[in-house]
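Asker: Here are the chains, one letter per residue:
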Amino acid sequence: MVRLATAQSCFKTFGIKPTAAPWAFRTELNELNDLAPGGAFQYGAVHELLWQGRSALPRSFALLLAKAAQTEGGVIVWSDPRRELNPPALSAAGIDLRRLLLLRCANRSEEIWTLAECLRCRGVSATVAAVQCLSRIEARRLQLAAERGGGVGLFMRPYTPGISSYYAAATRWLIQPAPGSDQVQRWNVQLLHGHGGQIGKVLLLEVDRETRALHASAAMADRSAAPAPARATA
Amino acid sequence: MHLPQWPIDRLRRRRPELRHKAFALIETIGARQRVTHVSPEAPAGIFPGMTPAEAKAHHAGLICLPESPADDARSLEALGRWLMRFSPNVCLYPPSSLFLDATGLQRLFGGLDQLRRRVAHALAKLGISAEIAIAPTPGAAWALAAFGRGDLRIVGGGELLDALAALPPEAMRLDRMTVEMLAALGIRSIGSLLKLPRDDLAVRFGRVILQRIDQATGAVHEPLTFLEYHAPILANVEFDGAIESLQTIHLALRQLVAEVARQLAGRGLGARELRMTFRPPYAPIVEKVVGLARPSRDESALFNLLCCATEAVETREGFIAAGLSATRIERLGDEQPALIGGEEERNAAELDHLLERLRARLEGAVQWAELVESHVPEQSFRCRENPVVSDVRAGGAAVFRPICLLPAPRAIRVIVMPSDSRDGLPISFTDQGEVHRLAHVFGPERITGQWWNGRWKTRDYFDVLDAMGNRYWLFRVADTGRWFMHGVFE
Chain A
1 MVRLATAQSC FKTFGIKPTA APWAFRTELN ELNDLAPGGA FQYGAVHELL WQGRSALPRS
61 FALLLAKAAQ TEGGVIVWSD PRRELNPPAL SAAGIDLRRL LLLRCANRSE EIWTLAECLR
121 CRGVSATVAA VQCLSRIEAR RLQLAAERGG GVGLFMRPYT PGISSYYAAA TRWLIQPAPG
181 SDQVQRWNVQ LLHGHGGQIG KVLLLEVDRE TRALHASAAM ADRSAAPAPA RATA
Chain B
1 MHLPQWPIDR LRRRRPELRH KAFALIETIG ARQRVTHVSP EAPAGIFPGM TPAEAKAHHA
61 GLICLPESPA DDARSLEALG RWLMRFSPNV CLYPPSSLFL DATGLQRLFG GLDQLRRRVA
121 HALAKLGISA EIAIAPTPGA AWALAAFGRG DLRIVGGGEL LDALAALPPE AMRLDRMTVE
181 MLAALGIRSI GSLLKLPRDD LAVRFGRVIL QRIDQATGAV HEPLTFLEYH APILANVEFD
241 GAIESLQTIH LALRQLVAEV ARQLAGRGLG ARELRMTFRP PYAPIVEKVV GLARPSRDES
301 ALFNLLCCAT EAVETREGFI AAGLSATRIE RLGDEQPALI GGEEERNAAE LDHLLERLRA
361 RLEGAVQWAE LVESHVPEQS FRCRENPVVS DVRAGGAAVF RPICLLPAPR AIRVIVMPSD
421 SRDGLPISFT DQGEVHRLAH VFGPERITGQ WWNGRWKTRD YFDVLDAMGN RYWLFRVADT
481 GRWFMHGVFE
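Residue numbers (this note's numbering), protein chains in the order written: chain A, 1 to 234; chain B, 1 to 490.
Please note that a few of the clues may not be correct.
[As the list claims (entries may be wrong)] Examples of chain B residues toward chain A, derived with CB under 7 Å:
id, residue
1, 205
2, 344
3, 367
4, 371
5, 372
6, 381
7, 403
8, 468
9, 485
10, 488
Honestly, the hints are just simulated from the structure, not real lab data. Ideal Cβ placement from N, Cα and C applies to all residues, glycine included.
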């Protein structure tokens, strides 16, 4: 008996390009989804997570997206050349370590090659990496690889207003730490780029340490601290 | 060729510490144990059929080991393949005999006697005791090898009946009941057995006995199933001169892969491991072994994999020859078309291919993390190069831990609140020339070192929040009062 091929393989076979809507994932935070274009994060694309100046890498935000993007049977690849990732923290956040690959590449060119290979693979749901800078060709190659593989590329990179060059990415987010309290850690999350998304709107993301609960709300104050919304030029 | 002590010899080759030791092999059927084979060093009182307790009563130092007929059979096949150097046709006759077709080998080895001597010598070097006889029929050869006298081992067609006549009826490969019945009738040799009328024999003992007699005397042809010769799967190419460019090597590699894939397809096999060899003109051969997660003979997939592996091969003067061989092969059915079949299976297969490629090109760069029960943060996980199967929940999983943990804690300068003892809370710290003024400090959380492993240092961890909103994990070593940064809550 011949089983009917799934829709996605038909798309591939007959050259139909999948539309954005079904091939997207949502996080557990509806407020965050609403910021993104079409109310969801697109598969087969690169999403950039920027951090500014001296603040720390947005690893928790990357973890949030990677966890949401992980499909059944898919793995998460996390490039961690400096061995800074703490697997127990990921495990506590609900990541199955058996389906988490850690990449420890010796140099940058190897890392870029490996990232492209991982993005191109259909078995990889999300590829997370911190990239300092990319050439336009490298960025384009990674974007094409993500389109071929159907997974998500989550690239963390530093952001300096005016200087940062733009690469091919479906969305670009700026994550900045915000003053927290004893049990709550806060970040300001802003969508900088994404066609059809609520660009410029700032969201306050909170993690409660006791319950590990995530909470998002519209940022009330301190709008001036966030940079002016960047124009989409990519 | 009969190997009287095959299980013993096999085990000794596998485990050299058993040489010159008295040991016995034990067969276990249900709850009953029985000695099946005894090494020649054991005292004469021990023989097959005893229980291990009886055998140990004879010789207290006797080593008892479980027998393993499956391993014996596998090793017998390996020995048979090894013996193909003497004769192209080798047939296994389990449990412990082999037939070699010696037809036409006299000229190659300078006579049958020479052949027999050389095989015996080779086996003796391997430490395998063997009785070898050469006769016109397999049945007679086996009878002479297993039961014949030392001097009469090569028998021509004319002397066959005379040679067999003196042997006991067991040499006819008869079952135990028949042999016992013949012994009860007073028939102790094949000579007397052959004198009995044929028709009566068939009536009394069944047709098998006639068939065995005819097979031994050559009246009936006995078909043997010879081992199939597996030609190694390999392809080689030699260049006119030294080749340096990667493109040319890839071009040659593509040809080699096509040839290997063709050979694999012809035999319905897939490669699990490929070995590439490159020969430079004045240096030792460069070798590269690539393993695959599942058997494959897909030309383009293999080629891509090998290309990844060749990029790590270094050369100074180029190569004058290249070779490719499949060192591990497995049976592989015809591949299913890509359109049919589940999405997830295909994704899993693709993931396997990805891992193969990454492993071929970057050694040790792909790792899995595994949790370990430990309170010390840097020891609460372990990275391994093969997939983790266990799913240990760490004891400290309930406590919030930073997502970024520095592999080596970084020394920092800290200003603490004035206090009499050295346990004041930090006010600000300087890390890599950058001053962080702390808005909130939470702690301390005391983590004691593993004193049973010689790590005595106790750390007091502080979860601190600077004015920017960044959150760090600092600790102070309780004994020395020195401060370190260990992680960032990112």
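Asker: Could you run down the list of hints and mark each one as holding or not?
Answerer: Results for each hint:
Because the beta carbon of residue 205 (chain B) sits about 55 Å from the nearest beta carbon in chain A, more than 7 Å, this interface hint is broken. Taking 7 Å as the C-beta contact cut-off toward chain A, the hint placing residue 344 (chain B) at the interface holds, the least distance being around 5 Å. Taking 7 Å as the C-beta contact cut-off toward chain A, the hint placing residue 367 (chain B) at the interface holds, the least distance being around 5 Å. Taken as an interface hint, residue 371 (chain B) checks out: its beta carbon lies about 6 Å from the nearest beta carbon of chain A, inside 7 Å.
For residue 372 (chain B), the shortest C-beta to C-beta distance to chain A is roughly 9 Å, which exceeds 7 Å, and the interface hint is violated. Nearest Cβ of chain A to the Cβ of residue 381 (chain B): about 4 Å, under the 7 Å cut. The hint holds. Here the hint on residue 403 (chain B) is kept, as its CB sits about 5 Å from the closest CB of chain A, short of 7 Å. Checking residue 468 (chain B) against chain A: minimum C-beta separation of about 6 Å stays under 7 Å; hint holds.
Annotation: residue 485 (chain B) was flagged as interfacial toward chain A, and the flag is violated, the nearest CB pair being 12 Å apart, outside 7 Å. Restraint check, residue 488 (chain B) versus chain A: the minimum CB separation of about 5 Å is within 7 Å; hint holds.
The structure does not agree with the numbered hints 1, 5, 9 stated previously, though it agrees with the rest.
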